[in-house]
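Work out the full structure: start from the sequences and follow the hints.
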Amino acid sequence: MPEKRTTKEILKTRMERKRRTPLYHPSALKKLSLDFEQWQKDILREEDRKNWVVTPHTVLGSDIPREMLYTPLHHPDFDYMEDLGHSGQEPFTRGIHANMYRGKEFTMRQLTGFGGPEETNERIKFMLAHGGTGVNVLFDLPTIQMYDSDDPVSRGQVGMSGVAIDSVEDMDLVFKDIPLDQVTVSLVTHYPSNTAILFPMFLAMAERRGIPWTKLRGSVQNDITLEEVVRSGPEYIPPKDCFRIQCDNIEFIRQNVPQWNFVTYNGYNLREYGTSGVTEMAVALANAIDSVQEMLRRGHDVDWIAERIAFFWSPASDFFEEVARIRAVRRLWYKIMKYRFEAKDRRSLWMRCHVQTSGVSLRREEPLNNLIRAAYQALAAVLGGVQSLHVDSYDEAYSVPTEEAALLSLRTQQIIDAETAVTEVVDPLGGSFYVEALTNEMEARILDEVDEIEKMGDYVTAIEKGWLHKKIAEYFHKERGRIEKGLIKVVGYNLYPSPTALPPINVFRYPEGVEERQKDRLAKLRDRRDNEKVKSALIALEGACQTGKNVFPYALQCARVGCSEGEIFKVFKRAFGLWKPPSLW
Amino acid sequence: MFRKTKVLLSKLGLDVHNRGLLTVAKELSDAGMEIIYIGNSLPKEIISTAIQEDVDVVGVSSLGGAHLTLGGDLMEEAKCVGLKERIGFVIGGVFPPGDAEKLKQIGFDETFMPGATRDQIVSSIQKVVSSKMEMNRKE
Numbered sequence: 001m002p003e004k005r006t007t008k009e010i011l012k013t014r015m016e017r018k019r020r021t022p023l024y025h026p027s028a029l030k031k032l033s034l035d036f037e038q039w040q041k042d043i044l045r046e047e048d049r050k051n052w053v054v055t056p057h058t059v060l061g062s063d064i065p066r067e068m069l070y071t072p073l074h075h076p077d078f079d080y081m082e083d084l085g086h087s088g089q090e091p092f093t094r095g096i097h098a099n100m101y102r103g104k105e106f107t108m109r110q111l112t113g114f115g116g117p118e119e120t121n122e123r124i125k126f127m128l129a130h131g132g133t134g135v136n137v138l139f140d141l142p143t144i145q146m147y148d149s150d151d152p153v154s155r156g157q158v159g160m161s162g163v164a165i166d167s168v169e170d171m172d173l174v175f176k177d178i179p180l181d182q183v184t185v186s187l188v189t190h191y192p193s194n195t196a197i198l199f200p201m202f203l204a205m206a207e208r209r210g211i212p213w214t215k216l217r218g219s220v221q222n223d224i225t226l227e228e229v230v231r232s233g234p235e236y237i238p239p240k241d242c243f244r245i246q247c248d249n250i251e252f253i254r255q256n257v258p259q260w261n262f263v264t265y266n267g268y269n270l271r272e273y274g275t276s277g278v279t280e281m282a283v284a285l286a287n288a289i290d291s292v293q294e295m296l297r298r299g300h301d302v303d304w305i306a307e308r309i310a311f312f313w314s315p316a317s318d319f320f321e322e323v324a325r326i327r328a329v330r331r332l333w334y335k336i337m338k339y340r341f342e343a344k345d346r347r348s349l350w351m352r353c354h355v356q357t358s359g360v361s362l363r364r365e366e367p368l369n370n371l372i373r374a375a376y377q378a379l380a381a382v383l384g385g386v387q388s389l390h391v392d393s394y395d396e397a398y399s400v401p402t403e404e405a406a407l408l409s410l411r412t413q414q415i416i417d418a419e420t421a422v423t424e425v426v427d428p429l430g431g432s433f434y435v436e437a438l439t440n441e442m443e444a445r446i447l448d449e450v451d452e453i454e455k456m457g458d459y460v461t462a463i464e465k466g467w468l469h470k471k472i473a474e475y476f477h478k479e480r481g482r483i484e485k486g487l488i489k490v491v492g493y494n495l496y497p498s499p500t501a502l503p504p505i506n507v508f509r510y511p512e513g514v515e516e517r518q519k520d521r522l523a524k525l526r527d528r529r530d531n532e533k534v535k536s537a538l539i540a541l542e543g544a545c546q547t548g549k550n551v552f553p554y555a556l557q558c559a560r561v562g563c564s565e566g567e568i569f570k571v572f573k574r575a576f577g578l579w580k581p582p583s584l585w
Numbered sequence: 001m002f003r004k005t006k007v008l009l010s011k012l013g014l015d016v017h018n019r020g021l022l023t024v025a026k027e028l029s030d031a032g033m034e035i036i037y038i039g040n041s042l043p044k045e046i047i048s049t050a051i052q053e054d055v056d057v058v059g060v061s062s063l064g065g066a067h068l069t070l071g072g073d074l075m076e077e078a079k080c081v082g083l084k085e086r087i088g089f090v091i092g093g094v095f096p097p098g099d100a101e102k103l104k105q106i107g108f109d110e111t112f113m114p115g116a117t118r119d120q121i122v123s124s125i126q127k128v129v130s131s132k133m134e135m136n137r138k139e
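Quick mapping for you: the protein sequence lines, in order, are chains G and P. Under my numbering, the first sequence has 474 at position 474, and the numbering climbs by one with no breaks. Under my numbering, the second sequence has 108 at position 108, and the numbering climbs by one with no breaks.
Bear in mind the hints are in silico, worked out from the structure with no lab data behind them. Predicted model only: the values in this text are computed from it and were never measured. We put the beta carbon where it would ideally sit given N, CA and C, even for glycine. Check each hint, because a few of them may be wrong.
The following label-pair restraints were derived from C-beta to C-beta distances [stated by the list, open to error]:
| no. | chain 1 | residue 1 | chain 2 | residue 2 | range |
| --- | --- | --- | --- | --- | --- |
| 1 | P | Gln105 | G | Leu368 | 25 to 33 Å |
| 2 | G | Ala418 | P | Thr49 | 49 to 57 Å |
| 3 | G | Asp451 | P | Met135 | 55 to 63 Å |
| 4 | P | Lys44 | G | Asn531 | 29 to 37 Å |
| 5 | P | Glu34 | G | Lys4 | 37 to 45 Å |
| 6 | P | Gln105 | G | Gly548 | 50 to 58 Å |
| 7 | P | Glu34 | G | Pro582 | 14 to 22 Å |
| 8 | G | Leu368 | P | Gly82 | 42 to 50 Å |
| 9 | P | Arg86 | G | Pro582 | 31 to 39 Å |
| 10 | G | Asn99 | P | Lys102 | 51 to 59 Å |
As a list, the in silico DSSO-like pairs of lysine-lysine whose alpha-carbon atoms are at most 30 Å apart [unchecked claim]:
| no. | chain 1 | residue 1 | chain 2 | residue 2 |
| --- | --- | --- | --- | --- |
| 11 | G | Lys50 | G | Lys478 |
| 12 | P | Lys6 | G | Lys471 |
| 13 | G | Lys465 | P | Lys26 |
| 14 | G | Lys580 | P | Lys26 |
| 15 | P | Lys26 | G | Lys489 |
| 16 | G | Lys104 | G | Lys125 |
| 17 | G | Lys485 | P | Lys4 |
| 18 | P | Lys26 | G | Lys471 |
| 19 | G | Lys465 | P | Lys6 |
| 20 | P | Lys44 | G | Lys580 |
| 21 | G | Lys478 | P | Lys6 |
| 22 | G | Lys535 | G | Lys176 |
| 23 | G | Lys470 | P | Lys6 |
| 24 | P | Lys127 | G | Lys478 |
| 25 | G | Lys519 | P | Lys44 |
| 26 | P | Lys44 | G | Lys570 |
| 27 | G | Lys41 | G | Lys31 |
| 28 | G | Lys519 | P | Lys79 |
| 29 | P | Lys127 | G | Lys485 |
| 30 | P | Lys6 | G | Lys485 |
| 31 | P | Lys26 | G | Lys478 |
| 32 | G | Lys240 | G | Lys4 |
| 33 | P | Lys132 | P | Lys79 |
| 34 | P | Lys26 | G | Lys485 |
| 35 | P | Lys104 | P | Lys4 |
| 36 | G | Lys580 | P | Lys4 |
| 37 | G | Lys471 | P | Lys4 |
| 38 | P | Lys4 | G | Lys470 |
| 39 | G | Lys519 | P | Lys102 |
| 40 | P | Lys44 | G | Lys573 |
So this is what it looks like as structure tokens:
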């Protein structure tokens with residue numbers, strides 16, 4: 001068997017024969033170079049010459065050195081059509097659509113989820129009534145970790161940090177009066193396992209309402225990185241089984257819910273946990289490459305699978321790095337799909353993404369400053385050409401956002417969209433010597449890290465070995481040290497801290513009685529449902545887990561007959577066994 | 001004989017956010033303490049491990065909103081087995097204003113919120129340990 005070639009090696013061979021048409025005339029560059037030297041001698045101060053290169057240290061930054069001034073000399077063989085192209089044209093550096101935000105504003109998709117389904121339903125309607133254009137549902141801790149509200153481990157945590165969902169009944173209440181054939185819905189099912197549990201409940205609810213699955217539009221996350229690396233939880237299934245469920249979900253949803261994004265490779269939570277923007281993207285790409293490879297192995301066509309792949313990024317504090325890397329990863333994904341997987345369809349070549357401003361960059365000290373931080377991060381994302389956006393709220397170092405704070409986040413997006421005119425011109429920073437140089441740098445660094453992962457074998461192996469776990473731990477310890485030393489500047493904390501205590505802000509308080517209500521509803525369901533059907537659905541699911549059949553249709557049957565989330569997760573644990581993640585201690 | 005301060009660290013319940021606790025684990029370890037990190041656990045398990053491992057301090061982390069309920073359970077368990085007076089209990093995480101006070105009323109010796117520095121955490125834990133030792137000696 002020939003030795004497996006990495007994506008970087010494949011791209012190198014397949015792209016090296018492409019002829020380039022540099023935009024700059026060699027004689028112009030030569031003149032510029034001489035002039036630049038003269039400028040350095042005549043005009044630049046000695047100390048500026050000495051400190052020509054600095055490395056900015058920022059929250060979740062990548063430590064990429066920056067020069068003081070960028071010129072065409074940084075990119076002497078710049079080929080406009082090869083490196084940028086127009087918007088909506090290969091290599092899509094400037095955006096996936098020709099008209100970008102003139103054609104369609106970015107989707108304003110604010111996260112919603114707290115308490116029981118009833119409270120969350122109200123908040124969703126509130127956001128839609130104030131101009132939100134998409135729904136984004138976050139689940140509570142027991143739901144995310146796949147335990148029922150009446151499980152002893154869930155005590156005190158039901159409805160916290162998200163909405164409690166135990167069965168199809170709760171799913172129905174969350175979306176009460178929401179027209180599912182009109183609004184796009186993002187379900188933040190972080191893990192493959194809970195995607196295979198919660199999305200079937202969503203589909204079963206649509207069936208009950210008589211809405212055909214072909215009309216449903218939205219996304220799930222379904223990402224092994226979140227289940228096996230980013231998460232801290234009591235029980236884990238092994239990575240290889242988790243990856244299989246991820247791919248089972250992809251396959252079933254692609255076949256049956258054609259307008260649904262079956263995976264959102266989630267760089268966001270990984271980065272927030274503690275990685276640079278480079279590692280964030282490299283890991284997501286490595287996972288995406290392996291999933292596409294697995295779909296090909298299962299006999300599917302690359303274009304069939306690729307057109308619904310989506311990504312989720314975290315724009316943090318270094319403004320131009322964020323703009324550059326969104327552009328960079330769009331070009332890199334295009335190259336991977338075109339030259340490694342030989343996709344033909346235009347849509348297959350698009351890196352479509354949702355972004356959320358960085359939660360880790362928010363501070364408890366002087367919380368109103370967080371409004372400014374999030375607004376700059378959101379602006380960077382829009383200048384990078386993203387498809388959809390969530391802006392974190394200023395009070396999140398205290399609790400989940402109040403209604404007022406959530407509205408301010410939505411308003412931040414609306415002000416960028418409606419008042420600043422940045423959306424009128426496509427890729428307004430394209431062609432900036434600096435932004436283009438940084439875009440090239442980011443692309444090269446991301447591909448190098450993809451290469452590092454692929455040389456370990458594959459992404460699942462990189463997880464099993466603990467490579468990623470260790471890399472993250474090193475990163476966040478280093479970052480913490482830098483903030484404490486003041487190397488990373490944080491206004492109001494390590495820089496210009498306020499000498500007087502500021503008045504306290506209003507903070508969200510969880511509604512009471514949610515846990516009891518959930519337990520009660522679950523007890524009634526267990527009483528009312530056909531428990532024979534429940535039992536046989538669970539047995540059939542376990543059989544599918546063991547025999548290698550796609551688990552999704554079996555999980556769907558479980559949802560239809562009213563199995564609870566915890567009951568389904570128990571099947572996974574029994575069938576696959578438990579895995580102990582690499583210890584960081 | 002000199003004994004290293006022994007600290008048990010745990011995520012409270014199902015909370016998924018462990019970056020903070022892992023950061024603290026390393027910082028305490030660098031400051032010469034012995035760390036036992038048990039990941040996500042419930043109050044009963046935390047207390048039984050604390051007894052088994054004979055630790056000086058229990059540190060728990062909660063960013064998911066369950067600090068008062070599960071924190072309350074933890075301190076109840078500690079009181080039941082007579083551990084509360086013998087060893088230190090500290091908690092860190094994301095809490096609304098005013099909740100730090102409530103956590104102290106429940107029985108925690110120290111609370112840490114976002115923004116707490118390495119030095120603050122290390123020295124507070126050292127203080128908690130020595131005051132408990134002092135109290136135990138008097139008895």
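Taking the hints in turn, this is what the structure says about them:
1. P:Gln105 to G:Leu368: 25 to 33 Å: holds (29 Å)
2. G:Ala418 to P:Thr49: 49 to 57 Å: holds (55 Å)
3. G:Asp451 to P:Met135: 55 to 63 Å: holds (58 Å)
4. P:Lys44 to G:Asn531: 29 to 37 Å: For Lys44 (chain P) and Asn531 (chain G) the Cβ distance comes to about 30 Å; the hint holds.
5. P:Glu34 to G:Lys4: 37 to 45 Å: Given range 37 to 45 Å: holds, Cβ gap about 44 Å.
6. P:Gln105 to G:Gly548: 50 to 58 Å: holds (55 Å)
7. P:Glu34 to G:Pro582: 14 to 22 Å: holds (21 Å)
8. G:Leu368 to P:Gly82: 42 to 50 Å: Since the Cβ atoms of Leu368 (chain G) and Gly82 (chain P) sit about 46 Å apart, the hinted range of 42 to 50 Å holds.
9. P:Arg86 to G:Pro582: 31 to 39 Å: holds (34 Å)
10. G:Asn99 to P:Lys102: 51 to 59 Å: For Lys102 (chain P) against Asn99 (chain G), whose Cβ atoms are near 54 Å apart, the range 51 to 59 Å holds.
11. G:Lys50 to G:Lys478: holds (27 Å)
12. P:Lys6 to G:Lys471: Holds, because 26 Å separates the two Cα atoms, which is no more than 30 Å.
13. G:Lys465 to P:Lys26: holds (21 Å)
14. G:Lys580 to P:Lys26: holds (20 Å)
15. P:Lys26 to G:Lys489: holds (22 Å)
16. G:Lys104 to G:Lys125: Answer holds: Lys104 (chain G) to Lys125 (chain G) is near 22 Å, not above 30 Å.
17. G:Lys485 to P:Lys4: OK: Lys485 (chain G) and Lys4 (chain P) at ~27 Å, within 30 Å.
18. P:Lys26 to G:Lys471: holds (14 Å)
19. G:Lys465 to P:Lys6: Holds: Lys465 (chain G) and Lys6 (chain P) sit about 29 Å apart, inside 30 Å.
20. P:Lys44 to G:Lys580: holds (21 Å)
21. G:Lys478 to P:Lys6: holds (24 Å)
22. G:Lys535 to G:Lys176: holds (29 Å)
23. G:Lys470 to P:Lys6: Measuring from Cα to Cα gives roughly 24 Å; hence the hint holds.
24. P:Lys127 to G:Lys478: Status holds; Cα separation ~26 Å.
25. G:Lys519 to P:Lys44: holds (22 Å)
26. P:Lys44 to G:Lys570: Holds, at roughly 22 Å.
27. G:Lys41 to G:Lys31: It holds: about 16 Å lies between the C-alpha atoms, which stays within 30 Å.
28. G:Lys519 to P:Lys79: holds (28 Å)
29. P:Lys127 to G:Lys485: holds (24 Å)
30. P:Lys6 to G:Lys485: holds (27 Å)
31. P:Lys26 to G:Lys478: holds (11 Å)
32. G:Lys240 to G:Lys4: Roughly 20 Å between the alpha carbons, so the hint for Lys240 (chain G) and Lys4 (chain G) holds.
33. P:Lys132 to P:Lys79: Within the cut-off at roughly 15 Å; holds.
34. P:Lys26 to G:Lys485: holds (17 Å)
35. P:Lys104 to P:Lys4: holds (26 Å)
36. G:Lys580 to P:Lys4: Distance ~28 Å between Lys580 (chain G) and Lys4 (chain P) Cα, so the pair holds.
37. G:Lys471 to P:Lys4: holds (28 Å)
38. P:Lys4 to G:Lys470: holds (26 Å)
39. G:Lys519 to P:Lys102: Given pair Lys519 (chain G), Lys102 (chain P) holds - Cα atoms ~27 Å apart, limit 30 Å.
40. P:Lys44 to G:Lys573: holds (23 Å)
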